[in-house]
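Participant: Chains as they are written, first to last, in our numbering: chain Y, 10 to 122; chain Z, -19 to 93.
Don't read these hints as lab results, they were simulated from the structure.
Possibly wrong hints are sitting among the right ones.
Listed below are the simulated DSS-like cross-link pairs for lysine-lysine, each with C-alpha atoms no more than 27 Å apart in a straight line [unchecked claim]:
{"#": "1", "chain 1": "Y", "residue 1": "K51", "chain 2": "Z", "residue 2": "K(-7)"}
{"#": "2", "chain 1": "Z", "residue 1": "K(-17)", "chain 2": "Y", "residue 2": "K80"}
{"#": "3", "chain 1": "Z", "residue 1": "K(-7)", "chain 2": "Y", "residue 2": "K65"}
{"#": "4", "chain 1": "Z", "residue 1": "K(-7)", "chain 2": "Z", "residue 2": "K37"}
{"#": "5", "chain 1": "Y", "residue 1": "K80", "chain 2": "Z", "residue 2": "K33"}
{"#": "6", "chain 1": "Y", "residue 1": "K51", "chain 2": "Z", "residue 2": "K50"}
Computed spacing ranges between beta-carbons, pair by pair [claimed, not checked]:
{"#": "7", "chain 1": "Z", "residue 1": "R(-11)", "chain 2": "Y", "residue 2": "A38", "range": "36 to 42 Å"}
{"#": "8", "chain 1": "Y", "residue 1": "Q90", "chain 2": "Z", "residue 2": "K(-7)", "range": "26 to 32 Å"}
{"#": "9", "chain 1": "Z", "residue 1": "K33", "chain 2": "Y", "residue 2": "N27", "range": "31 to 37 Å"}
{"#": "10", "chain 1": "Z", "residue 1": "G20", "chain 2": "Y", "residue 2": "E48", "range": "28 to 34 Å"}
{"#": "11", "chain 1": "Y", "residue 1": "A38", "chain 2": "Z", "residue 2": "K(-2)", "range": "22 to 28 Å"}
{"#": "12", "chain 1": "Z", "residue 1": "D8", "chain 2": "Y", "residue 2": "R60", "range": "21 to 27 Å"}
{"#": "13", "chain 1": "Z", "residue 1": "R(-6)", "chain 2": "Y", "residue 2": "E48", "range": "29 to 35 Å"}
{"#": "14", "chain 1": "Z", "residue 1": "D6", "chain 2": "Y", "residue 2": "N27", "range": "44 to 50 Å"}
{"#": "15", "chain 1": "Y", "residue 1": "S121", "chain 2": "Z", "residue 2": "S47", "range": "23 to 29 Å"}
{"#": "16", "chain 1": "Z", "residue 1": "V93", "chain 2": "Y", "residue 2": "K65", "range": "24 to 30 Å"}
{"#": "17", "chain 1": "Z", "residue 1": "R24", "chain 2": "Y", "residue 2": "Q85", "range": "42 to 48 Å"}
{"#": "18", "chain 1": "Y", "residue 1": "D64", "chain 2": "Z", "residue 2": "V93", "range": "36 to 42 Å"}
{"#": "19", "chain 1": "Z", "residue 1": "N64", "chain 2": "Y", "residue 2": "G50", "range": "19 to 25 Å"}
Ideal placement from N, C-alpha and C gives every residue a C-beta, glycine not left out.
The residues making up each chain are set out below.
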Amino acid sequence: GESVGLHLPTLSVQEGDNSIINCAYSNSASDYFIWYKQESGKGPQFIIDIRSNMDKRQGQRVTVLLNKTVKHLSLQIAATQPGDSAVYFCAENPNTGFQKLVFGTGTRLLVSP
Amino acid sequence: DVKVTQSSRYLVKRTGEKVFLECVQDMDHENMFWYRQDPGLGLRLIYFSYDVKMKEKGDIPEGYSVSREKKERFSLILESASTNQTSMYLCASSLDISGNTIYFGEGSWLTVV
């Protein structure tokens, strides 16, 4: 079956550093990917998305890279701030017709001042 | 901005009680979803609905039912709560089935004692 995984469960960085959070997916038919941020006690918040016809998409301080050859997705956060501390997880749409996203379990990002 | 509102943030219920979790979205979205989130397991889909009065089972529907009488409202029902249903429940919505972003509510923490 489809699976979405993360390479690192916890990532610790210093304030001002750039952060890279990785995600592997297994379904080559997936056509849409989303990154979410979830702060403690809150619901997941949409950060950025990318469709399979793109390799890169940029937002405000965030960039998502998609490598379809190796089925890898990454989220880059520039100049990481303490407010970026949260759990980040990716989701893929395996294109089964009813938008049943498959979610990873998440990476915790810890930003030290 | 999309607003998905879960009316109950924290609930404590007794085993065997009937529990209703309510969710309302204000963006005229076609799709609505109920997930549960447990540590180490990520988000798991319980039920979803792609239209009024329509519902589809997700990955873990056992012990749950849903109701969608109006487009903006999607209710999750635990007919007889059990301790293994203690969890964080997340409601979500999306515009349609064509691979659009899913937006989440803030979550409902349910404890069954």
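Participant: If a hint holds in the structure, say so; if it does not, say that too.
Facilitator: Hint-by-hint comparison with the structure:
1. For the hint pairing K51 (chain Y) with K(-7) (chain Z), the CA-to-CA distance comes to about 21 Å; that is within 27 Å, so the pair holds.
2. At most 27 Å may separate the alpha-carbon atoms for a hinted pair to count; K(-17) (chain Z) and K80 (chain Y) exceed this at roughly 32 Å.
3. About 46 Å separates the Cα atoms of K(-7) (chain Z) and K65 (chain Y), which puts this hinted pair outside 27 Å; it is violated.
4. Taking the CA atoms of K(-7) (chain Z) and K37 (chain Z), the gap is near 24 Å; set against the 27 Å cutoff, the hint holds.
5. Restraint check for K80 (chain Y) and K33 (chain Z): the C-alpha separation of about 37 Å exceeds 27 Å, so the hint is violated.
6. Note on K51 (chain Y) and K50 (chain Z): the hinted pairing holds, with a Cα-Cα distance of about 26 Å set against a maximum of 27 Å.
7. For the pair R(-11) (chain Z) and A38 (chain Y), the supplied restraint of 36 to 42 Å holds, since their beta-carbon distance comes to about 37 Å.
8. In this structure the supplied range 26 to 32 Å is violated for Q90 (chain Y) paired with K(-7) (chain Z), their Cβ-Cβ distance being about 39 Å.
9. Between K33 (chain Z) and N27 (chain Y) the C-beta distance comes to about 48 Å, which lies outside the given range of 31 to 37 Å.
10. Between G20 (chain Z) and E48 (chain Y) the beta carbons are some 18 Å apart, a value that contradicts the proposed interval 28 to 34 Å.
11. Hint check: A38 (chain Y) to K(-2) (chain Z), Cβ distance near 40 Å, so the stated range 22 to 28 Å is violated.
12. A beta carbon spacing of about 23 Å between D8 (chain Z) and R60 (chain Y) agrees with the range 21 to 27 Å that was offered as a hint.
13. Evaluation of the 29 to 35 Å hint for R(-6) (chain Z) and E48 (chain Y) yields a pass: the beta carbon distance comes to about 30 Å.
14. Checked against the hint of 44 to 50 Å, the C-beta distance between D6 (chain Z) and N27 (chain Y) comes to roughly 36 Å, which is inconsistent with it.
15. Hint check: S121 (chain Y) to S47 (chain Z), Cβ distance near 46 Å, so the stated range 23 to 29 Å is violated.
16. Judged by the Cβ atoms, the range 24 to 30 Å given for V93 (chain Z) and K65 (chain Y) is violated: they are separated by roughly 49 Å.
17. Between R24 (chain Z) and Q85 (chain Y) the beta carbon distance is about 28 Å. The supplied range of 42 to 48 Å is therefore violated.
18. Between D64 (chain Y) and V93 (chain Z) the Cβ separation comes to about 50 Å, which falls outside the hinted range of 36 to 42 Å.
19. The hint said 19 to 25 Å for the Cβ distance between N64 (chain Z) and G50 (chain Y), and at roughly 22 Å that hint holds.
In this structure, the earlier hints numbered 2, 3, 5, 8, 9, 10, 11, 14, 15, 16, 17 and 18 are contradicted, and the remaining ones agree with it.
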